[in-house]
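Mind docking chain P on chain E? Use the hints.
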Amino acid sequence: MSSSAITRATMHESLVEPTHVPAKTSEVIMETDRAETVAWLQAILKEYEGPLLRYAQRITKDLDLARDVVQETFLRVCRQDRAALDGHLARWLFRVCRNRALDVQRKEQRMSVATDLDLHTLPSSTGPTEQLELRETNSRLLLLLERLPSTQQEVIRLKFQNDMKYREIAEITGQSVSNVGFLLHTGLKRLRDMMKHDN
Amino acid sequence: MTTPAFNSTDDRLTAYALGELEGDPRLAFEIELANFPALQLELAELQSLTGLLRSELAGEVQPALTPAQHQSLVAQASKPTAVSVAPMIATRPTRDQSWVLLGPGIAAGLAIGVGFLCYPAPRIQTASLSDTYSYSVNQPADLVEEFNDLYKQQRFSEAEIIAKKVKELNPKDGTAEALFWKARFARRKSSNDKLQLGKEDSFWAQLDDVEQSVVVSTGDNKPMPSGDNWKDTSGETKSNNGLTLTDSNGNGARLPVGLSRNSNALFEDESRDKRYFGLPQLATTAGQRILVEAKGLELGKPIEVYTGPSGDLLESRLHFVESETYEAPPENAFLTPSQQPLSTFSIDVDSASYSNVRRFLTQGQRPPADAVRVEEMVNYFSYNYPQPKGDEPFSVTADAAPCPWQPKNYLARIGLQARTIDKAKRPPTNLVFLLDVSGSMQAANKLPLVKQAMTMLCEELNERDRIAIVTYAGDAGVKLASTPGSDQVRIMQSIEALQAGGSTNGAAGINLAYEEALRHFNGEGENRVILCTDGDFNVGVSSDDQLVELIQQQAKTKVFLSIFGFGMGNLKDAKLEKLADKGNGHYGYIDDLKEARRVFNEELVGTLYTVAKDVKIQVEFNPLTVGAYRLIGYENRTLAAKDFNDDTKDAGEIGAGHTVTALYEIAPKGQWPITQQVDPLKYGANAKEAAPVETAPKQNLSPESADDLFTVKLRYKQPTADVSVKTIDFVVDDIVGKKITPSPDLVWAASVASFGMQLRNSQFKGNWTMNDVYEAAQGAKEPDANGRRREFLDLVQAAKRLAPATKQ
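Residue numbers (the working numbering), protein chains in the order written: chain E, 1 to 199; chain P, 1 to 808.
The following block holds chain E by itself, in its conformation from the complex:
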């Protein structure tokens, strides 16, 4: 990432030429560092906030939960060594976001099983309306896409919405590259078949 490259350069300079920095050297460096971190965070927020939220929402099926997930993902990335993330930041963000979202979703699913048992005593405030939010686009193709198994949908979205390579998708979803290829192929094949039927 370019922003992180700048950060490194800045840090380097100040370390090489300490005489230019008056008095409380280390504090100033930290100040600079913090400012850099915030700037960096804002940059990656701008780039990834939307895509990650869209991705997490697909998994959690709930925007608020997805927001929590993404917030935590960004919090975590702030705690990472930025240099180490260089070059695979996107993969890192998506993978962490995915794992966290799955955790949340599993928990949520279990809870909804528990609460389903006594729906009559505790009427649900969430439900169909929230689900509808997910599909506000009326595109026929996207409606058909919804009918694919979620694993296929996921790789298709990562590929065409987030422009990931097979290898990146494999890393994010924890599958083998060949499996990603297979899932994509099968998903696209089914989409084509469905479109033909649809016509």
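Please keep in mind that the hints were generated in silico from the structure rather than gathered at the bench. Treat the numbers as computed from the prediction; the structure is a model and nothing was measured. Don't take every hint at face value.
Stated by the list, open to error - Computed Cβ-Cβ distance ranges for the label pairs, DEER-style: (1) 64/P x 153/E: 20 to 30 Å; (2) 167/E x 62/P: 18 to 28 Å; (3) 387/P x 109/E: 48 to 58 Å; (4) 153/E x 31/P: 29 to 39 Å.
C-beta: ideal position from N, C-alpha, C; glycine also.
Relative to the frame of chain E, chain P by itself:
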């Protein structure tokens, strides 16, 4: 190019369209593409679809974080050191069911609004619970948090207990109820899944065995090779159809023809636990995968393992070893009352043999003869005997009827019914589980089953009970110091934490377990060590005799011993029975969850609460009416006549609710063939009795006793007494010339006995076949409250399908 290399499942097309195909594969694909117009068409279609997808998907809404979240993130990022986790901004704290998801603080605050603190929260009933386990606050929110954590870690039984607590606090809250059932279902599901997997494993292992059984000859007294022993290599063997000898590349591997068929591939003269590592070790040395071939294996024959391109001999001392061992004394023979009027034996309430036989039969194998103990088969079933009167610990029933498999003979039955105890009124128990957690216990039908069985049992315990867990494997250790039965969470946690691994040092474990039991000895209750093992004691005290001695010493402490055999393949049946016998104990074999439930849960009271110990039966047969008699089964329980009155002689225990049944086959006077008699006695009062034609009544016999068949005498001790308190006499009249219709219970017992004798291929099995057993049992199967009798009928059918027994 004549045949298209492409079909619709070829994902190269997609990879190509997406630019993922590179180098040679790409070139190869392009050649195909050029050759097949159909493929070109598909590609065009695909490309238009991907274009469409890209644009459509790009248009999907991109939500954003809330401003508050943004602020929080920026605030975090500008903190001096980015370490602590930021407090999450809860975006939606108000969905009323979602309280289960929230952190303790929020949930507690919310609780007031939602109202589950409106119910007066009762104190947890048992003081020990809140004292000994660290729930500082027993608030629903905290508990729910804990529940969620446990559930997430799949520790369902603990989660269930937490749910129970939530329920106690909020009896009217439907969500608490839901939590409880959720945990319970999850626990059942996961235990069923585990068992299912175990069953599948053993099914595959048995398939391997079928091949095995073709090449390995096993006599009647040896069990069929057990599939369990394939374990370590079975994965590889299966995937290669069981017979592959080459490595995965198919080269460089002139590998073993016939390694030992089991993972017990034994390094001679080395300690037995090496067995388990034999194969992997070899494989490492050879740097190759070593697969086991079923062909050419022979018992005791060294197996040579070659490896490497030069075919160096790697190991020639591997042996095919038998793992299950059975031993049994010869069957009881017919005895004449004139020679031996007294038949004395100890009762036996064990039923391990039945479960073990069932295991063999359901796997389509005939059990080894010595694994069949007829009395244990008969005693697996409960019979309808009257409840004892007053304070008597048990009632005695005795009767006789024509013998079904030998119509000229009689079949006499002696039945004991121990007093039943209301579960609620049972005395407190002080239990010490002594668990074998050695490597051999890893199989699904061993330690995991033990854990489930323990979980079931622990659910029945309350604050008056104590439970401790001691393990042995390598070095023995106390995994759970004696804990009140009400502290379910800690108990469950200890159970969950148990894992198998290491070798077995049974002796050290036994000592530790008895120590733990004595430390909390309950004078008013039941003190018992429960040993769960596959019987593979192999470090420290190793000879059976030494072990028996150890147990005998410990038995003097008035701590009883229950031994449960688990799993198969390694089961040392004879050793376990002997240990239980010497340790004032009870021995059961547990082959599946159903049996575990039966023994651990349904019979908790009966198995664990002894109503009488050292119960001995002595039967005196009347030489005037009885030509000869034979005790069916109880071979390893027979006592000398004088032992009956000797209180130092150990005998069997009877637990609350148990029934004990003993059968005699009696040849009436005149039916007993003269040729089998010894010479007539020349001296003594009985001298004339022995003469085959003698009919004159004994001078000092009262007339009313003349047509007795036999008299039953019983002797027993109260559970904690050292002196026998009582004997009971019971007389059975001769049935000669009488029309006797045997009770269904007697028919049932006879069927089971005949079944056992046929499985043993007993010389006394008479003229009955499996068909006769089936028919008779069919007519006597009611009542069958627990389904055991129906299951027996299935076993008879299974036995019928097997090859007939060969002569011993």
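Going down the list of hints, with the structure as the test:
1. With their beta carbons about 22 Å apart, residue 64/P and residue 153/E fall inside the hinted range of 20 to 30 Å.
2. Distance hint check for residue 167/E and residue 62/P: the Cβ-Cβ separation is about 25 Å, which falls inside the suggested range of 18 to 28 Å.
3. Separated by about 52 Å at the C-beta atoms, residue 387/P and residue 109/E satisfy the suggested range of 48 to 58 Å.
4. Remark: the range hint 29 to 39 Å for residue 153/E to residue 31/P is upheld by a beta-carbon distance near 33 Å.
Going down the numbered hints, you'll see the structure goes against none, and every one checks out.
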